[in-house]
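Taken in order, these protein sequences are the chains called A and B. Take 7 as the starting number for the first sequence in the working numbering and just add one per residue. Take 7 as the starting number for the second sequence in the working numbering and just add one per residue.
Hints are computed from structural coordinates only; laboratory data are not their basis. All residues carry an ideal CB built from backbone N, CA and C; glycine is no exception. Hints are supplied without guarantee of correctness; some may be wrong.
In silico SDA-like links for lysine to any residue, alpha-carbon gap of 20 Å or less [stated by the list, open to error]:
hint: 1; chain 1: B; residue 1: Lys391; chain 2: A; residue 2: Asp47
hint: 2; chain 1: A; residue 1: Lys391; chain 2: B; residue 2: Arg165
hint: 3; chain 1: A; residue 1: Lys366; chain 2: B; residue 2: Lys158
hint: 4; chain 1: A; residue 1: Lys96; chain 2: B; residue 2: Ser207
hint: 5; chain 1: B; residue 1: Lys97; chain 2: A; residue 2: Ser207
hint: 6; chain 1: A; residue 1: Lys391; chain 2: B; residue 2: Lys164
hint: 7; chain 1: A; residue 1: Lys369; chain 2: B; residue 2: Glu335
hint: 8; chain 1: A; residue 1: Lys337; chain 2: B; residue 2: Pro128
hint: 9; chain 1: A; residue 1: Lys96; chain 2: B; residue 2: Tyr284
hint: 10; chain 1: B; residue 1: Lys203; chain 2: A; residue 2: Glu52
hint: 11; chain 1: A; residue 1: Lys158; chain 2: B; residue 2: Met122
hint: 12; chain 1: B; residue 1: Lys203; chain 2: A; residue 2: His38
hint: 13; chain 1: B; residue 1: Lys164; chain 2: A; residue 2: Ile400
hint: 14; chain 1: B; residue 1: Lys366; chain 2: A; residue 2: Arg165
hint: 15; chain 1: B; residue 1: Lys366; chain 2: A; residue 2: Arg373
hint: 16; chain 1: B; residue 1: Lys203; chain 2: A; residue 2: Pro201
hint: 17; chain 1: B; residue 1: Lys51; chain 2: A; residue 2: Pro201
hint: 18; chain 1: B; residue 1: Lys366; chain 2: A; residue 2: Glu52
hint: 19; chain 1: A; residue 1: Lys181; chain 2: B; residue 2: Glu224
hint: 20; chain 1: B; residue 1: Lys337; chain 2: A; residue 2: Arg373
hint: 21; chain 1: A; residue 1: Lys391; chain 2: B; residue 2: Glu157
hint: 22; chain 1: B; residue 1: Lys189; chain 2: A; residue 2: Glu37
hint: 23; chain 1: A; residue 1: Lys187; chain 2: B; residue 2: Arg165
hint: 24; chain 1: B; residue 1: Lys369; chain 2: A; residue 2: Glu334
In silico negatives: residues of chain A with every beta carbon more than 10 Å from chain B [unchecked claim]:
hint: 25; residue: Glu87
hint: 26; residue: Pro101
hint: 27; residue: Ala241
hint: 28; residue: Gln371
Listing some non-contacts, in silico: residues in chain B with all C-beta distances to chain A over 10 Å [to be verified]:
hint: 29; residue: Ser45
hint: 30; residue: Lys203
hint: 31; residue: Val348
Number of protein chains: 2
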Amino acid sequence: MPEFLKVAAPQQIFDILSGFSRLAVEQVDLEHSLGRVLSLDVISKEDLPAWARSTMDGYAVRAKDTFGASDAVPALLEVVEQIAMGAIPKKSISPGQAAEIPTGGFLPEGADAVVMVEYTNPLPGGEIEVTKPVTKGENVLDRACDIAAGEKVLLAGKRLRPQDIGMLAGLGITKVDVYKKPKVAIISTGDEIVPVKQTPSLGQIRDINSYAIRALVETVSALAITLDIVRDEPALLRAALKNAAEVADVIVVSGGSSIGKRDYIVEVVSNLPEAKIYVHGIAISPGKPTLLAQTQGKPVFGLPGHPVSATIVAQVFLLPFLRYLEGEELKREPTGQRVSAVLATSAHSSHGREEYIRVKLEKEQGRLVAYPIFGKSGMMSTLAKADGFFIIPIHTEGIAAGEAVEVYLF
Amino acid sequence: MPEFLKVAAPQQIFDILSGFSRLAVEQVDLEHSLGRVLSLDVISKEDLPAWARSTMDGYAVRAKDTFGASDAVPALLEVVEQIAMGAIPKKSISPGQAAEIPTGGFLPEGADAVVMVEYTNPLPGGEIEVTKPVTKGENVLDRACDIAAGEKVLLAGKRLRPQDIGMLAGLGITKVDVYKKPKVAIISTGDEIVPVKQTPSLGQIRDINSYAIRALVETVSALAITLDIVRDEPALLRAALKNAAEVADVIVVSGGSSIGKRDYIVEVVSNLPEAKIYVHGIAISPGKPTLLAQTQGKPVFGLPGHPVSATIVAQVFLLPFLRYLEGEELKREPTGQRVSAVLATSAHSSHGREEYIRVKLEKEQGRLVAYPIFGKSGMMSTLAKADGFFIIPIHTEGIAAGEAVEVYLF
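Given only the sequences and the hints, what does the whole structure look like? Please build it.
Given below as structure tokens:
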């Protein structure tokens, strides 16, 4: 059996993951694009707004004509039109002319500013006095001031939020080019693993990992494909992995926490078509016996069988990687929400490994306090009781009570 | 036309919203339960683990038998069995007896502790010497130490996370009782609104709100039902709202930013069956001309027509309310992720209204700095450029540059 020669640091894992190619692209309807990642920059074909508008009730003018105007020496302008709300001005404004305009009204050709009605006096015969000068653009919402035609409004790699979708709707863009969602095949292995519906006999346990990892994968909107539980039989595992590589972009196999079983998974993976084992072992706790490999260009994550370890490794490495595959930059930290908290009791770690400490958060005197939850890694209840976890970095021996920690929420 | 008599403070809005009944319940498969909210406590029918196990290689014993044992005066025990991994012990341990047990092996009846192999010496004739006492439970993972039968493992009102689903899988719970997802009918109104696929003539704008609000509703996994755009015609609006009340749990109508149109929406809503207008106007900016009403027990949100205002009001009031309807506690703050940042430039507000300031976040010298984005509320690009917003409370006149703000991320 192969030995555990390759124990990698967490950052090396991210280095390896960043070498995989992103997924193919597709076009989707704008109304189904929430959370999808753009594969192309979006360029506006239109000006928004398409026409300059007044922001005040008053008179559309050529700013030059009002230069030096005052109560003592008003500028005299001929009113050529009354522009109605929503109507296209019929006349253009020549020197010495003005048009009455409401708030929101379309600016006529030739005009470049609006004088507020307060600074005008109507004269008999369709003329007005302007008693205060305006500068070019004053009281006007310019054409294209929101978005100009030809402008890149959203860049490739952007995950679409509701207001991005709103903006695209405003520009009449009804289809967007996005990366495909990653398809993740999930396989639990082990003679002792039984389907969740089945009552386990002594020594058997239910297939927690398929459910927990499926749900984790769904938190980043990837598509989970749960495959059948595989017994500890190399030929069966090989067949299952080959099938997984055909139906999915990423393969996640869990199980093999004991040395012997872990080695047999490594053995089977090494013998897959075009296989490469990157690491079998990561300097982390929990989750050390994690395998990272590929077959035919498809990444293979071999997660520990213990559900708590499997869940945390998936959160730390798999989920950021899925977001990367879907076109985002690779973030080298867990996905999801992060909060600052004060550590309630000191947490120690072995030098040389990155440690993930599960915590319960309590609000005390207006600040968040993180209480470490200690418990054997097989205990799923410790994870269900936890609100999140913080990281003790690889070259740190611990964090003292009272220090601030960044907690990644589950 | 009715006057704008009822301008409410934001907290009054939440008070009103908390009076609506939660949605009906349904049962779903565990594998489709991510993000659903439990309507009943989940009680375990099983002990987890179902049998005590050893956490060490050694001998299963009765702790009492090792009392006072030392190198000088070892305890002498008869070895009655060699327990194999995963096998059910055949014999029970009587006083003076022990059984060899591997790590993870099932503890035999009668035994209550495990002596590590290091503290034992084998003797000829199937006996051992124990050279160190153990206490009851030492080196043993007790039956039910993770979860006990009858224990409430998750409480009603809990939104299911991946590890919760993993724990339920471990307990063999394959169906969960949850609240139904809220169905939200979305209606845009206004003669000037055209479908997104259509090129607007001058004075028309595309239906941004249907898209942006649909996407917002989807961020909390509620079900959006986009209905047709309704022209400014009371009979048409009435018909659309009555239809919406039939197909959805919550009605969101947007439009009517000008005083006249706003009043006509209030008028139509007041005349719906069993209608009640709670407020028409909230002391907030943007978003003041917001209507809150109900018809036949169904809440009606009348959002401003300006997309930026509509989006922010939905974020602040509608989304927390949808989570409440689905069984969670009503959180009186925007949903989603929150980060602390330092305000880059002072932000002022009118006393007596709560203000939502959009910001762009920049990482500078290891801290987040929030740059307010100022721009006319009609400009969708200001919202697309923003990373989030912070709140200037209702009785605060502003926040100075350099102060900390809590930014709600979009």
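Outcome of the hint check:
1. For the hint linking Lys391/B to Asp47/A, the alpha-carbon distance of about 15 Å falls within 20 Å, and the restraint holds.
2. Restraint check: the Cα-Cα separation between Lys391/A and Arg165/B comes to about 13 Å, which is no more than 20 Å; the hinted pair holds.
3. With a CA separation close to 18 Å, the supplied pair Lys366/A and Lys158/B stays within the 20 Å bound.
4. For the hint pairing Lys96/A with Ser207/B, the CA-to-CA distance comes to about 16 Å; that is within 20 Å, so the pair holds.
5. For the hint pairing Lys97/B with Ser207/A, the CA-to-CA distance comes to about 19 Å; that is within 20 Å, so the pair holds.
6. Of the supplied pair hints, the one linking Lys391/A and Lys164/B holds, its CA atoms being roughly 12 Å apart against a limit of 20 Å.
7. With a C-alpha separation of about 17 Å, the suggested pair Lys369/A and Glu335/B falls inside the 20 Å cut-off, and the hint holds.
8. Taken as a hint, the Lys337/A and Pro128/B pair is broken in the structure, with Cα atoms around 55 Å apart against an allowance of 20 Å.
9. The hinted pair formed by Lys96/A and Tyr284/B fails the criterion: a straight-line CA distance of about 45 Å is larger than 20 Å.
10. Distance restraint check for Lys203/B and Glu52/A: the Cα-Cα separation of roughly 14 Å lies within the 20 Å cut-off, and the hinted pair is therefore satisfied.
11. Using a Cα cut-off of 20 Å, the hinted pair Lys158/A and Met122/B is violated, with the two alpha carbons roughly 68 Å apart.
12. With a C-alpha separation of about 15 Å, the suggested pair Lys203/B and His38/A falls inside the 20 Å cut-off, and the hint holds.
13. With a C-alpha separation of about 34 Å, the suggested pair Lys164/B and Ile400/A falls outside the 20 Å cut-off, and the hint is violated.
14. With a C-alpha separation of about 16 Å, the suggested pairing of Lys366/B with Arg165/A holds against the 20 Å cut-off.
15. In summary, the hint linking Lys366/B to Arg373/A is not supported, as the alpha carbons are separated by about 25 Å, beyond the 20 Å threshold.
16. A hinted pair counts as satisfied when its Cα atoms are at most 20 Å apart, and Lys203/B with Pro201/A does not qualify at roughly 49 Å.
17. Between Lys51/B and Pro201/A the CA atoms are separated by roughly 17 Å; this keeps the pair inside 20 Å, and the hint holds.
18. For the suggested pair Lys366/B and Glu52/A, the alpha carbons sit about 25 Å apart, so the restraint of at most 20 Å is broken.
19. A C-alpha spacing of about 18 Å is found between Lys181/A and Glu224/B, which places the hinted pair at or below 20 Å, so the restraint holds.
20. Among the hinted pairs, Lys337/B with Arg373/A is consistent with the structure: their alpha-carbon atoms are about 18 Å apart, no more than 20 Å.
21. For a cut-off of 20 Å, the pair hint linking Lys391/A to Glu157/B stands: about 13 Å separates their Cα positions.
22. Taken as a hint, the Lys189/B and Glu37/A pair is honoured in the structure, with Cα atoms around 16 Å apart against an allowance of 20 Å.
23. Of the pairs offered as hints, the one joining Lys187/A and Arg165/B is violated, with about 24 Å between alpha carbons and a cut-off of 20 Å exceeded.
24. Distance restraint check for Lys369/B and Glu334/A: the Cα-Cα separation of roughly 19 Å lies within the 20 Å cut-off, and the hinted pair is therefore satisfied.
25. At roughly 16 Å, the least C-beta separation between Glu87/A and chain B is larger than 10 Å, which holds for a residue marked as non-interface.
26. With a minimum CB-CB distance of about 25 Å to chain B, Pro101/A clears the 10 Å threshold, and the non-interface call stands.
27. Distance check for Ala241/A against chain B: the nearest CB is about 22 Å away, which clears 10 Å, and the non-interface claim stands.
28. Here Gln371/A stays apart from chain B, with its beta-carbon at least about 17 Å from theirs, past the 10 Å limit.
29. Separation of Ser45/B from chain A is adequate, the least Cβ-Cβ distance of about 18 Å exceeding the 10 Å criterion.
30. Residue placement check: Lys203/B does not keep its beta carbon more than 10 Å from all beta carbons of chain A (closest about 6 Å).
31. Once the 10 Å rule is applied to beta carbons, Val348/B is consistent with being away from chain A; the minimum gap is 14 Å.
In terms of the numbered hints stated before, the structure departs from hints 8, 9, 11, 13, 15, 16, 18, 23 and 30, listed from lowest to highest.
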